[in-house]
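Residue-level listing of the chains:
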Amino acid sequence: MDKETETRESLIAEIKDLRSRLAKSEEALLAANKTRNNHMRKHAEDELRWAKERNGERARADETLQAEKLEHRRSEAELGKTREQLHDVSFKLLLAEETERKRISQEIHDGVGQHWATVELRVEGFLNQLDEEIATPLKDILPIIKVGMEETRRIQMNLRPALLDDLGILATISWFCREFQKAQPVIRVETKVDIQENDISNPVKTVIYRVLQEALHNISKHSKTTLVNLSLQKKEGKIEFTVQDHGQGFDSDPVLSLMSYEKGLGLSGMKERTHLSGGSFSIESTKGIGTTIRASWPLPENR
Amino acid sequence: MLRALIVEDNRLFRDAFKAELHGRLSSLLIEEVENGEEALQRINVAHPDLIFMDMHLAGMNGLELARKIKNDFPLIRIAMLTGYDMPEYRLAASQQGVHHFFVKDLLDWEEIMEFVQSTQKNKQ
Chain A
344 MDKETETRES LIAEIKDLRS RLAKSEEALL AANKTRNNHM RKHAEDELRW AKERNGERAR
404 ADETLQAEKL EHRRSEAELG KTREQLHDVS FKLLLAEETE RKRISQEIHD GVGQHWATVE
464 LRVEGFLNQL DEEIATPLKD ILPIIKVGME ETRRIQMNLR PALLDDLGIL ATISWFCREF
524 QKAQPVIRVE TKVDIQENDI SNPVKTVIYR VLQEALHNIS KHSKTTLVNL SLQKKEGKIE
584 FTVQDHGQGF DSDPVLSLMS YEKGLGLSGM KERTHLSGGS FSIESTKGIG TTIRASWPLP
644 ENR
Chain B
482 MLRALIVEDN RLFRDAFKAE LHGRLSSLLI EEVENGEEAL QRINVAHPDL IFMDMHLAGM
542 NGLELARKIK NDFPLIRIAM LTGYDMPEYR LAASQQGVHH FFVKDLLDWE EIMEFVQSTQ
602 KNKQ
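Protein chains in written order, with the numbering used here: chain A, 344 to 646; chain B, 482 to 605.
Worth flagging that the hints you see were computed from the coordinates, not collected in a lab. Just to be clear, a hint being listed does not mean it is correct.
Unchecked claim - Every beta carbon over 12 angstroms from chain A, so not counted as near; a handful from chain B, in silico:
1) R492
2) Q522
3) V526
4) T563
5) H580
6) E592
What the hints assert, rightly or not - One-sided and incomplete, this derived list gives chain B residues near chain A with beta-carbon spacing under 7 angstroms:
7) S508
8) E512
9) F554
10) K585
Unchecked claim - Heads up, incomplete: computed chain B residues facing chain A, CB under 7 angstroms, no partners named:
11) N491
12) G564
13) E569
14) D586
Glycine included, each C-beta is placed from N, C-alpha and C at the ideal position.
Isolated chain B, as found in the complex (with noise of 0.2 angstroms):
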């Protein structure tokens, strides 16, 4: 089974990001942390394998928090969300390791999708 790990630190939109999400994959094993450091010690434990985070954490920052996934756990997909649709943050993330980079405005769900099934062919 598929698991992911929901990083953000607004519960509101975090809800209804994983509604969507279980709504869309009912299969997916979806667990939630509001931050940087709640992420590093459920990844310990649960092994998700992809991440939805956040860029604007409060403490640690989704660019922090994806070095340091990348480093200790170099096998997770990490996927980060930001409300800023900007090449500079899109370079950013992915010289950090992030695998997607979703803009919350308009959020590309075929593509969060076609993301979720390759971590998962990827996986079998």
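Only chain A is shown next, with the shape it has when bound in the complex (with noise of 0.2 angstroms):
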């Protein structure tokens, strides 16, 4: 073999072997993509598979929390609706026991109030025709059956005066304060009234006789006051009853002795009368200065 020849087969067998060793490479190569491939699917296969977990998820906590945001909501509509219900209940409580009232009071008018009228009208037609001598002694029973009227009135009056609804706040207000007057010598009322019967509807007209007797009650009693203020007006669109005095007054501030305050003194009474017939109600009281309980409520529309 030449020298030549030798060489080219050595080369030739270089060649072989180089491209069995690229065959190889290129086999491992592929083999190693192919790995790498399946390996970076899988693990987006993965992310994938976890993304919409984590949606799913999420929709399912959405919709829970629209169910609650529904369910709230029509709990609250539901509340509003007790609330309202209560109001009206309450309310109409308060209308019954006043009609309750007047029903008593009417019927110890019509029943005791007019016996006792009638006894005294036949006592006194017999008296007359009496000789003096006889009658004289007799006539004693007369002021034992004028108190038995009077105490019968006073119980009527006390359940619900009939002026109120014989005649409108604007005569009871002016009644009740001479009677006042007459009990409290010392407190001078001061009235002031700019308003009409009519612009006021009947359970209102309840609702300020009703806050009157018991203001002038704790006023009687606590304030040692000298003067009262009382004025009821059409201001600004409303119906507006206040009660000032100028006297002792209480700590309004802090909130506690308020509440102490308003139980002792059934201003919770008022407050709840005020709001059930639809109005607002307020007090402020300054030591030494005096006491303001101010009621108010929308006029009656077309007025």
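Dock chain to chain to rebuild the complex, using the hints, since each chain is given by itself in its own frame.
Following this line, the structure appears as structure tokens:
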């Protein structure tokens, strides 16, 4: 073999070897690529699944939240409705109490009251027919009958004054203040009325009377005032009723003191009656200056 | 002859008042009804000269009845009887055309008789 041939054969062998190594490398590369691809796909698939799961969870959470929101809204609406119903029922109860007081008062008037009046009329009639000598000692019975009549009327008026229904709130205020002055001569009551009777609805008239009654009761008991300013007027589209005393007042701040004051003085009753009849109620008091109670209601429409 | 109508829903008081009125003036012709509606019907027929009415009647109250009578029969003289001796009632009654206001507790018979006699004079 000449040298040239030898060299060529060795080169061919070398090329073959190189080719086979290249083929192997390519194979290995392919295999590696395949593994890597598989791994990556798996990773991607894992990510996708996870994302889907998260998404699902979130959607479910969203659904729950929406449902809860809806439920909450429904509960709130129901609560609102229940509150409204409670308000209506309480107001009806208040009116029913007044109707009942009126009924009992009327029954006392028509029954016992008229009976007393008849007895007096008959007794006086008989006494007039008798001789002076016999009649004089018998006349002692007349003041006893009179006390019976007065007592009956006092009970009636305490239940509910007939003039509130017969004549209205303006006449009732004038009567009540006069009676109050008789019982409390040291307290002067100045009244300012600037409203018409028919500007005020019947339930509000009743509440105004009850607030007046309670307020003057408190004033006579606690305020040590000598002057009360009372006003009932039409003001800025409202019916405004105020009772102001110039007595010793109380500490309306801190709140606790006001609350215990409210409890003791029936202020919560005045406030509740005012609120139930559609009005708003406030009380201001300063030690040494006095106390002002203010209740107001929107004017009925078309007034 | 003078005609009177008593409007009073309490029978005992009505009887007693009627007896007393009759005892004091037997020439007075006295009729009686229980409530406002009956009163208006009776007035149309009997034409009374004067009316004694209770303030508190079932149904139409005395003030409303007085207003209707004053409106439809302005010549009839009206006396209101009530247990409530208050200026507020007196004022409301006079605004409705009531001529006299008598308190049931202390019926002033002299004044009642004056009221009757002045009505009699007016008629003549």
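Checked hints:
| no. | hint | in the structure |
| --- | --- | --- |
| 1 | R492 | violated (9 angstroms) |
| 2 | Q522 | holds (22 angstroms) |
| 3 | V526 | holds (27 angstroms) |
| 4 | T563 | violated (9 angstroms) |
| 5 | H580 | holds (19 angstroms) |
| 6 | E592 | holds (14 angstroms) |
| 7 | S508 | violated (19 angstroms) |
| 8 | E512 | violated (19 angstroms) |
| 9 | F554 | violated (23 angstroms) |
| 10 | K585 | holds (4 angstroms) |
| 11 | N491 | holds (4 angstroms) |
| 12 | G564 | holds (6 angstroms) |
| 13 | E569 | holds (4 angstroms) |
| 14 | D586 | holds (5 angstroms) |
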